[in-house]
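S.K.: Start from the sequences and build out the full structure, keeping to the hints where you can.
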Amino acid sequence: MAAIEILGLEKTYMVGFWRKRPKRALQPLHLTVDDGEIFGFLGPNGAGKTTTLKMLMGLVFPTAGRARILGRDWTDPEVKAQIGFLPEQPYFYDYLTAHELLDYYGQLSGVPAKDRKNRVEEVLQRVGLTDIKGIQLRKFSKGMLQRAGIAQAILHSPKLVFLDEPMSGLDPLGRREVRDLILQLQQEGKTVFFSTHILSDAEALCDRVAIINQGELRGVGAVEELTKSVQGKVEVVWQGTQVPASMKALGGEFHVTGETVRTVISENQQDAAIDALRRERLRLISIVPVRTSLESYFVEKLQHSQTTAGTSA
Amino acid sequence: MNARIVHIASNTFREAVRDRVLYNLIAFAVLISAAAIFIGQISIEIERLVVINLGLTAVSLFGVVIAIFVGIGLVSKEIEKRTLYTVLSRPVRRWEFIVGKFFGLAGTLVVNTFFMALGVFGALLYVAHRFSGADSSIFIALYFIILQFLIICALALLFSSFSSPLLSAVFAFSLFIIGSFADDLRGFATLAHGLTRWVATGTAYLVPNFSALNVISAVAHQQPISWQLVLQNTLYTLFYTAMALSGAVLIFDRRDLK
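Chains A and B supply the protein sequences, listed in that same order. Counting from 0, one number per residue, gives the positions in the first sequence under numbering that gives the first Met the number 0. Counting from 0, one number per residue, gives the positions in the second sequence under numbering that gives the first Met the number 0.
Keep in mind that the hints were calculated from the coordinates and are not lab data. Among the hints, a few may not be true.
As a list, the in silico DSS-like pairs of lysine-lysine whose alpha-carbon atoms are at most 30 Å apart [what the hints assert, rightly or not]:
#1 A:K158 to B:K80
#2 B:K76 to A:K116
#3 A:K138 to B:K76
#4 A:K113 to B:K257
#5 B:K257 to A:K19
#6 B:K76 to A:K232
#7 B:K257 to A:K22
#8 B:K80 to A:K22
#9 A:K113 to A:K132
#10 A:K116 to B:K257
#11 A:K158 to A:K141
#12 B:K80 to A:K138
Here are some chain A residues the structure puts well away from chain B; computed CB gaps all over 10 Å [as the list claims (entries may be wrong)]:
#13 M56
#14 G64
#15 E77
#16 E187
#17 L249
#18 E279
#19 R280
#20 Q302
Ideal Cβ positions, reconstructed from N, Cα and C, are used throughout, including at glycine.
M.R.: Quick look at the structure:
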């Protein structure tokens, strides 16, 4: 079963003094997130990530389209008992202590009174706030608030967790802990949907990612697939110290290191390269697809979308 | 009552207490004590009348100021600070949030009024040395003051569901002042002609009738308050509050939380 099915959700805001000028924040979006997946929703600031999350949370109403969460209509209030949400740069009732805040959210989420105390203590420990649970949130640093935010999102053991920029405001150690937490959530069978613009986090964590820019989906897929498909190149390494003329004819740069030569050629030239090395009786060591980083893929997609927008304008 | 509404109301009450809203009681205590001592020294035979008039008017004004200033921030502050996001992403319906907030503030005002009422009775005992049977009608005046607060809370919530805090405060204060003269406005409507009459009558019935809820002077002068008026004011308040809250829910239910 798909954990999330987004079926053409779109959002147009009416802006201007009389609210008559339409401004499209999100083009019709179609996206499916499988159960148990860690799914990254990537895009630069203002791309439409938060708008999408807010629509799924019922905070913003779509202009058109619908969604299904955990097999039910996304507007069904009962669905919300099974999801957790961390907003971007969360801000909470600062007159409450972390313990009181979680207790309150536990009440609203319908966690039974007998389980609530234990659940609150458990998540406080999990996010490292046990020692300061009695301090009012107005005295919390940004990183501590982020931890409290993560705690409230997982407090009621939701099946699906939405995290909007979960690493924001955290120091390197905190980021590492959140990464580990996200992986633990997956091991517990939960689905995690998180938006980020920190690509290394997405690359390290996500089973699949979607890239969105200017309100439009630019690519979806497994990180490996995306980074492989964009390059279409292979790295060829063979034993030797010289580059035969037939190999030079394929183009590319050659790097001789000790007893090996390395070059990168286009994928459709790999058969020609193998034939050339065989004719020259050189020993082929490896031919592997060149993987680009997710960052390169991301930048390439964004540049492409800007070019397209520029052309169509 | 729905458990989520109770939790939201309790949290609203806790917020008011921790934000030191009830500190107004200190100012009230100082005012009523000073007034009692001063009146006790200068008034002859009219101490009771002055203390009831002054005390109940202060109870009403302190409460109205709290109802408006806390009420206008109940929704707008939650949107501005984005605390609402983590509430409405839970199984909480928007109407439950509005109703919970209303009861939280109403509860705060009832508690506040209770302590201020203790101050009024204390001052009365100080100047008159004993309570008389007629003093029981002070409870009715206090009850009507609480009814006023309920209407103002609901109106403040209504305005704050679509307007900025400043405009909401202006709207709510204006309605409180116009509503305090609702009887005069109705009297004027009967004397006017043509379009003016229609506009005045419409306005008179649209604004909350706070003049009917103000029996402070009658109580101070030991005039009897009919049970019919109590029933009428109760039903009126329930109706007006329900209408204002429904309006707030209807607007808030369609609002994008950007």
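S.K.: Determine for every hint whether it applies to the structure shown.
M.R.: Tested hints:
1. Pair hint K158 (chain A) plus K80 (chain B) holds up; C-alpha atoms about 27 Å apart against a cutoff of 30 Å.
2. With a CA separation close to 29 Å, the supplied pair K76 (chain B) and K116 (chain A) stays within the 30 Å bound.
3. Between K138 (chain A) and K76 (chain B) the CA atoms are separated by roughly 19 Å; this keeps the pair inside 30 Å, and the hint holds.
4. Annotation: proposed proximity of K113 (chain A) to K257 (chain B) is violated, straight-line Cα distance about 36 Å (limit 30 Å).
5. Proposed proximity of K257 (chain B) and K19 (chain A) is supported: the alpha carbons are some 18 Å apart, at most 30 Å.
6. Annotation: proposed proximity of K76 (chain B) to K232 (chain A) is violated, straight-line Cα distance about 55 Å (limit 30 Å).
7. Among the hinted pairs, K257 (chain B) with K22 (chain A) is consistent with the structure: their alpha-carbon atoms are about 14 Å apart, no more than 30 Å.
8. Under the criterion of a C-alpha separation no larger than 30 Å, the hint pairing K80 (chain B) with K22 (chain A) is consistent with the structure, at around 24 Å.
9. As the CA atoms of K113 (chain A) and K132 (chain A) are separated by approximately 19 Å, the hinted pair is consistent with the 30 Å bound.
10. For the suggested pair K116 (chain A) and K257 (chain B), the alpha carbons sit about 33 Å apart, so the restraint of at most 30 Å is broken.
11. Simply put, K158 (chain A) and K141 (chain A) have alpha-carbon atoms about 27 Å apart, close enough for the 30 Å limit, and the pair holds.
12. Distance check on the hinted pair: K80 (chain B) and K138 (chain A) sit about 16 Å apart at the alpha-carbon level, within 30 Å; holds.
13. Interface exclusion of M56 (chain A) from chain B breaks down, the closest Cβ pair being 4 Å apart, not more than 10 Å.
14. No Cβ of chain B approaches the Cβ of G64 (chain A) within 10 Å, the least distance being about 15 Å, so the stated non-interface status holds.
15. Look at E77 (chain A): its CB is around 6 Å from the nearest CB on chain B, not clear of 10 Å, so calling it non-interface is violated.
16. No beta-carbon of chain B is positioned within 10 Å of the beta-carbon of E187 (chain A); the least distance is around 20 Å.
17. The claim that L249 (chain A) lies off the interface holds: its Cβ sits roughly 55 Å from the closest Cβ of chain B, which is beyond the 10 Å cut-off.
18. Distance to chain B confirms E279 (chain A) as a non-interface residue, since its nearest Cβ pair spans about 65 Å, more than 10 Å.
19. Consistency note on R280 (chain A): stated as away from chain B, and its beta-carbon is indeed over 10 Å from all of that chain's, at 67 Å minimum.
20. Listed as outside the interface, Q302 (chain A) is consistent with that label: its C-beta sits roughly 29 Å from the nearest C-beta of chain B, beyond the 10 Å cut-off.
Comparing the model with each earlier hint shows violations of hints 4, 6, 10, 13 and 15; every other hint is respected.
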